[in-house]
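Participant: Chain residues, written in single-letter form:
2 protein chains.
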Amino acid sequence: MHRTHTCGELRLEDLNKTVTLAGWVQRVRNKGGLVWVDLRDRYGITQLIFEEGEVAAPLLKEAGSLGREFVVQAEGTVIERTAKNDRIPTGDIEIRVNGLKVLNKAKVPPFIIEDDTDGGEDLRMKYRYLDLRRNVIREKLHLRHKMMQETRKYMDAKNFMEVETPVLIKSTPEGARDFVVPSRIHSGEFYALPQSPQTFKQLLMVSGFDRYFQIVKCFRDEDLRADRQPEFTQIDCEMSFVEQEDILEIFEGMIRHLFREVKGVELEEVPRMTYADAMRLYGNDKPDVRFGMPFFELTDLAQGKGFNVFDNAELVVGICATGAAGYTRKQIDALTDWVKRPQIGARGLVYVKCNEDGTFKSSVDKFYTQEDLKAWADKAGAAAGDLILVLSGELNATRKQLSELRLKMGEDLGLRDRFTYKPLWVLDFPLLEWDEETARFHAMHHPFTSPKKEDIPLLDADPGKVRANAYDLVINGVEIGGGSIRIHDKATQQLMFRHLGFTEAEAQSQFGFLMEAFEYGAPPHGGIAFGFDRLCAIFGGSDSIRDYIAFPKNNAGRDVMINSPSPVSESQLEELSIAIREKKEL
Amino acid sequence: MHRTHTCGELRLEDLNKTVTLAGWVQRVRNKGGLVWVDLRDRYGITQLIFEEGEVAAPLLKEAGSLGREFVVQAEGTVIERTAKNDRIPTGDIEIRVNGLKVLNKAKVPPFIIEDDTDGGEDLRMKYRYLDLRRNVIREKLHLRHKMMQETRKYMDAKNFMEVETPVLIKSTPEGARDFVVPSRIHSGEFYALPQSPQTFKQLLMVSGFDRYFQIVKCFRDEDLRADRQPEFTQIDCEMSFVEQEDILEIFEGMIRHLFREVKGVELEEVPRMTYADAMRLYGNDKPDVRFGMPFFELTDLAQGKGFNVFDNAELVVGICATGAAGYTRKQIDALTDWVKRPQIGARGLVYVKCNEDGTFKSSVDKFYTQEDLKAWADKAGAAAGDLILVLSGELNATRKQLSELRLKMGEDLGLRDRFTYKPLWVLDFPLLEWDEETARFHAMHHPFTSPKKEDIPLLDADPGKVRANAYDLVINGVEIGGGSIRIHDKATQQLMFRHLGFTEAEAQSQFGFLMEAFEYGAPPHGGIAFGFDRLCAIFGGSDSIRDYIAFPKNNAGRDVMINSPSPVSESQLEELSIAIREKKEL
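Protein sequence lines correspond, in order, to chains V and P. Quick note, my numbering runs 3 ahead of the 1-based positions in the first sequence. Quick note, my numbering runs 3 ahead of the 1-based positions in the second sequence.
Note that these hints are calculated values from the structure, not bench results. Treat the hints loosely; a few may be bogus.
A pair counts as met if it fits within one copy or between any two copies, since identical chains are not told apart.
Calculated cross-link-like contacts (lysine to any residue; reagent style SDA-like; alpha-carbon spacing at most 25 Å) [said to hold, decoys possible]:
1) K377 with Q334
2) K369 with G11
3) K425 with T80
4) K343 with G413
5) K87 with E317
6) K149 with N162
7) K129 with A508
8) K220 with V563
Just so we're clear, the structure is a prediction, and the values are computed from it rather than from any experiment.
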């Protein structure tokens, strides 16, 4: 071992011990006859001292000339500091060094290795190994480590078996795009990387494994949005002989366990809301319930008073911003501009200020009397001093717009503290959703989700109305996990594939093995999967998942550190029986 | 929940409880007025009883007509059995059923779901989900689960951070073949799947992570041998500021922990042997030390006595099979045929029987006197009743042949009990090995392994003599883990690449990022990786890893259950900018 102690462990009780430390030079202060060096490792920082008279002149000189990020080994004696530093645990002591060895030199890093760095995102990603030296980043990965260990402890204690499912599987055209892997041995054939271990975990239930989990890499070859990665990690779980209630209970327990063990936070019972209510009250299937500000519908009250915009709207709907009646004209204009941006797409914004004197001031005073506005305020539960904001138009679009406005108002009013945690179960998702582009219904969750028994008759009559035994866990407006009770019999699974537009041959070639498995005694089962990267980010109070991934890819799916993807040799392609196509004109 | 209890938990103290069980029908015994059903789940088997007079006639009839592997839910009362079964933990009780529900029917399985099945390997793999229902297989995967949890517990307690490294990385032509993944966004470019996270874990050391581990999938597109899989799992570890001794200590601790917690076995201290000794004494770099039978060299003693075969041999070497002098002529002829098979390739076998009367009987009595043979026996440490077996020829080939013969003799003499565990560290591996085919040296371990400092001058003069700071952990003759102290400075790494025949440009394009990282303050570091599938197989007392993998691929790299690899659509290939080449004539 190149050290006797880490840079984080020496204290006053170690005084006079002879120790050897090794680490990185964080900082050198050279006062000529006196040199201090801050030596850093993962565990902390310890101060080294070199004093004229106490140490040989060459050693003093060498210490003074150490560069940032040099890797050194220092031998010396633990002494008490004269000027103590109570901001670090080792701040009471320092090491009087009598032997110093440079284990490795370091070029000047391209950015400063401190919590606040001068390195931009691109530079930090190219030198990710230096970025990872920063405490703020390493702590995020340490949080991730703790989350993994605690997840496994909980699952193991609940009798879940961790089973590794294959990474080289089979391409299925359904849903997002697969990454494929050409087979050398079977030329012209391909493996695919899993978007999730869905079918395998269901097969494990058919096998009687009863309770399965895995923390597993999944892959999606999608056009990357800001916070997506082509490879991501899931906590993947499945249980047999369960109903929805059992799953909610077990995994509410898991989230509670993680908050307790990793954050020291004792969660309240997780509230539940149907998808229909979430859409009606928050315009969003993953509402942020750290704050209220629910929607109230004004369609009936607002129509028939001569205001064309409302009269022609499918929905008139508002929110009440508590205490925001003081918003200035300028602020409200800014809000109006904000909702009219193409990203939001509203046509305008109506406001009603609830004045302290009981009167109302609105942007539609021309059309509505004080009594009309009083009725709105009553509907909104608004009190003096509140600000009512109203949008109107086509139902789904308007809800979506108002949801964005609600989140913005929550942000502006300081109601979205990132260290307040409000989980929520959203239940009873629709089974199918209409896709305009392909003009057919798609599975909202995936084709293995079971419809609610009482809604099956609707499959033909009104497919969009069929509810699924599906649930999401949402924390602070972010979807953290989702799952469902699965179909476990061949007939229902075939029915689903038919409704999703699969021909019998397609269903057979892609999922024949699963339907055949259902014929050999499949138990009722269901499960859930959590986005682990995002769960870690939520726990860390971050919006971005990237810092919680040791070696992330950029928005173009590229690892700029190792420069991947990259071309491979012609002989390698030949061996794989594939060729590059000429690039098409775009 | 479809059950109140599992099929493994009810006991006499639960008498008279009303319970609901769910599981699979293992067996039905129908005596007309009396039907017993064995209901099975992952946790055990519980007997259901249906008795005429006690239950309604239709229920009795239904119970009698249940098929094997039907999934049923049964409600009833726990009663004491008249005929107890002490082979199962639930054998004192049974359930008098008053309600039965078939949750799912089952077709007759293609093979019997019992520990001893009539299903052949191919059939079991096609219906792997049924094969996994068998207790013997599920227990192997449960062992694997326990190994994973205990490995993590140990590593976490030792301050190792679990960090996930990327799966989509970059192809490197060195060593075994990479699986590649075409990038859709960057047409003509490819990711590769990692053969190991080697460079990433070294970068984590440069990042100051100090102690890293991961249980991780790795990929190798090799022509598959009997017991290889294209995807396999490694326990991958790396540490900073360590020397070889530190790594041996930590990971001897890990193996000891696993044996203690998973098997209840307290291991002795793990002995150590140099590579040179292993080759000299066992002809093998992974000797099975459950038994002795070391080699003894007879070249000096055996040459110059007129026996041409020995006189012309580079090496004459033997083993002593204790107590095997009773082998018949027929048995020895069979051994001779065995070593002459092309797989072994020896030209013949010389034997010396040490008779009880102190005389010797050998196949070379013509050339050697009793004194000569006595001298051999002394060298062999042979006593009366022992059998000496001698091979000769070119040094390396002869050692290899005798190693095979030693293992066979160990097997035949019952010295290789699969529930006896004898781990061994093999140290001081050569850095390089000569490859006849490419007529150059290859890295024996990988190009990042550090040479022993004192051997560096030999790199030019006699590269094959340079020893590496590399070590393997061997258990019962199986290589379980291997690692090394790494190179951590750019100059040495460049030197290594040069000696491995890389041009500067090749080294730069493939590993430039790593060498650049070494310039920013890389600590001394080293690590090890364990083959997790094989470790599980050793713990389970099996020779084959396949049963320890939930969904293995066959020898042709094919998953016959899901039928993968398989063709993908032309439009998918077009999107990926690749095309299938015409098959070449072979």
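Participant: Each hint should be assessed against the structure and marked as holding or not.
Facilitator: Each hint, compared with the structure:
1. Proximity of K377 to Q334 under the C-alpha cut-off of 25 Å is restricted to the intra-copy arrangement: shortest distance 23 Å within a copy versus 107 Å between copies.
2. Taking the closest pair of Cα atoms, K369 and G11 never come within 25 Å of each other, the shortest separation being 70 Å inside a single copy and 75 Å across copies.
3. Within a single copy, K425 and T80 get their C-alpha atoms no closer than 50 Å, and across copies no closer than 43 Å, so neither meets the 25 Å cut-off.
4. Within a single copy, K343 and G413 get their C-alpha atoms as close as 18 Å, which meets the 25 Å cut-off; across copies the closest is 83 Å, which misses it.
5. Taking identical chains as interchangeable, the C-alpha atoms of K87 and E317 are never at most 25 Å apart, the minima being 69 Å within one chain and 72 Å between chains.
6. Taking the shortest Cα distances, K149 and N162 sit within 25 Å of each other both inside one copy (20 Å) and across copies (11 Å).
7. Taking identical chains as interchangeable, the C-alpha atoms of K129 and A508 lie at most 25 Å apart only when they sit on different chains, with a minimum of 20 Å there against 47 Å within one chain.
8. Taking CA atoms no more than 25 Å apart as the test, K220 paired with V563 passes in both settings, with 20 Å inside one copy and 23 Å between copies.
Consistency note: the structure conflicts with the earlier hints numbered 2, 3, 5.
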